[in-house]
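Visitor: Read off the chains here:
Number of protein chains: 2
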Amino acid sequence: MIISESALRAFTQNIFLAMGCSNEHAALAADVLILSDLRGIDSHGVARLIGYVRLWENKRINTRPNITIVHETPTTATVDGDAGLGLIVAPFAMRLAIQKAELYGSGWVSVRNSNHFGIAGYHTLMAVEKDMIGFAMTNASPLVAPTFSNERLLGTNPMCYAFPAGKYPPVVVDMATSAAANGKLEIAQRLGKQVPEGWIQDKDGKFTTDPHALKKGGSLLPLGGDREHGSHKGFGLSATVDILSAVLSGANYGPWAPPFVSFLDPPADPVGKGIGHFVGAMRVDGFRPVDEFKAHLDNWIRRFKSASTVDPAQKVIIPGEPELEAQTDRKKNGILLIDAVVNDLNGLAAKFGISHL
Amino acid sequence: MIISESALRAFTQNIFLAMGCSNEHAALAADVLILSDLRGIDSHGVARLIGYVRLWENKRINTRPNITIVHETPTTATVDGDAGLGLIVAPFAMRLAIQKAELYGSGWVSVRNSNHFGIAGYHTLMAVEKDMIGFAMTNASPLVAPTFSNERLLGTNPMCYAFPAGKYPPVVVDMATSAAANGKLEIAQRLGKQVPEGWIQDKDGKFTTDPHALKKGGSLLPLGGDREHGSHKGFGLSATVDILSAVLSGANYGPWAPPFVSFLDPPADPVGKGIGHFVGAMRVDGFRPVDEFKAHLDNWIRRFKSASTVDPAQKVIIPGEPELEAQTDRKKNGILLIDAVVNDLNGLAAKFGISHL
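Chains as they are written, first to last, in this note's numbering: chain A, 461 to 817; chain B, 461 to 817.
This is chain A alone, in the form it adopts within the complex (with noise of 0.2 Å):
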């Protein structure tokens, strides 16, 4: 079914109303969705607004946060999302990283007791926006094996970086800190193909290339693979998302963060509250002019487009270029859903009885 960027939103928003939203969180919710969906990042879009409505049924998520800052100094802050839906409460934080941006040259928010984010892309977007550099990250539900380990203590965890460009789309690098995501394997299993080995292992720690390995007690592994392809690199940069978004903040962090699926429950003996994320934005003229930065950007931008290629028919791809290219095509030619999702989506709009799509 392809159906446009303007009905979707407003189905979506219609969702979050019936949870009990305010308008203002309604659309600001949908908004982070329905970017993900133009972006052509279908596993973070309205295909997830089935989750977020179990873990709400299950008193998980508080559609009527008090967001509030618990501490801060002029350029750092540790922000309690209340529950809310990290839809919400992550551009709550950004919002104040770039108040303080504009004041200070930088804005740094850690966050508690928090929920799912979305896109990390989403929320760097509002710092470039206002020519700023944006940082986001947020740990997850555990499913990741540390190197040399069996057991799933770290998230998909991802980091997005995002910068401002001149003539170029901006450079946003959002990626997860696993060799895979799990929205990869969730397309090998309903294609009933395998994955590739260095993606994820069984519960002896062996190379699988079986999508379902994580069901029968397997784990993702960490961006590299083995030790041997630089698998603890991966560990480390999803330890350090770990570290700065909850253990700094105060969430939960490693095996201790609370499943984003419903059926599981949170562990018994929470160290902190929710999940955690970590956003900051710089000012680029905090270090040279704009203008300049974007020029040598561009610069930079050209120069890796224009590199000599492997194969001449496949160019180097520039972080970003091809979610902003989805973006254009979607937002023109309307999203794509599958038919899986339909029926998910046409399920709560029975539940809540509204319109279905």
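Keep in mind the hints are simulated off the structure, nothing from the lab. Keep in mind that a hint or two might mislead.
Copies of one chain are not kept apart here, so a pair can be met inside one copy or by any two copies together.
To be verified - Cross-link-like lysine to aspartate or glutamate pairs, in silico, EDC-like; alpha carbons within 20 Å at most:
1. K765 with D664
2. K666 with E688
3. K644 with D686
4. K754 with E781
5. K733 with D751
6. K666 with D771
7. K676 with D662
8. K765 with D686
9. K733 with D745
10. K775 with E688
Keep in mind the model is a prediction, meaning the values are calculated, not measured.
Keeping the supplied structure of chain A fixed, place chain B upon it in accordance with the hints.
Guide: Just chain B now, with coordinates in the frame of chain A:
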């Protein structure tokens, strides 16, 4: 040859003095190199001394630099290193970041017109000593091809994050954003061994296990190795380091970064000055009380150290832990130098007319 820390430090300091460094700068530069040897990162310690001397002989390093702050806000700054040793310039930048963090919670400094800064961990540990979180990264000689390309456009561009713990050593994530650092290739070359697939490609972009492939037009690969295993993530991280260190500061970026080896001339069409670094510091107590943070980071470390492992004899390694073990051991028992390094150092002693090792 096994040499005591103090003897190697005095020797190294004498070389820097002979190059014309002030007493203070010679002591600092030696301190950075010696910490690298103590921590077991032999590739970045005194083994590099001959490289610095050669660059100085080629008039590419200024041993009497006038390091200046060219632009700043309360929490950001750009520093011009005046072609000084990165071993001097980066600590200057980190001290500035720490001062800003003391006043405003965080401090961020982008550096241009510098040279190789040694181990990133040295600089981040300066912040850790003040109960701050330390960040350090640098761009470097182009040796790494972005995903799909067979051109060397990026350095091994390390990123480092360091966190103060309580009972345990600091967590120090210090990693090249390539699949393997150049030092690992050099070890394989010396031993006449092949390297694993996924570290390097030949000039046509095919994986090769030949550790000499770089000399034949090949390139290092980003962390991940190939696209299927996430090399676009390694490329994105490396791009982030390049942009924060060089596009933001006004240094040379991408293929314009001047090579560390003196026998290769810098590009004739520079886009900036020297190479660039990016360092930062954030006060832990800008987010939560230091003792709370340290207690939770200790708990994090404890949980990961006690994780179930595939091979019960091989525990999970906490980033920074092996380096501190090496440091404790080598402080007591001395530093092992291989013959090639001893010969290089004694060659320098003869050149400068100082006592040999």
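Visitor: Among all the numbered hints in the text so far, which are the ones the structure does not match?
Guide: Per hint list: zero violations.
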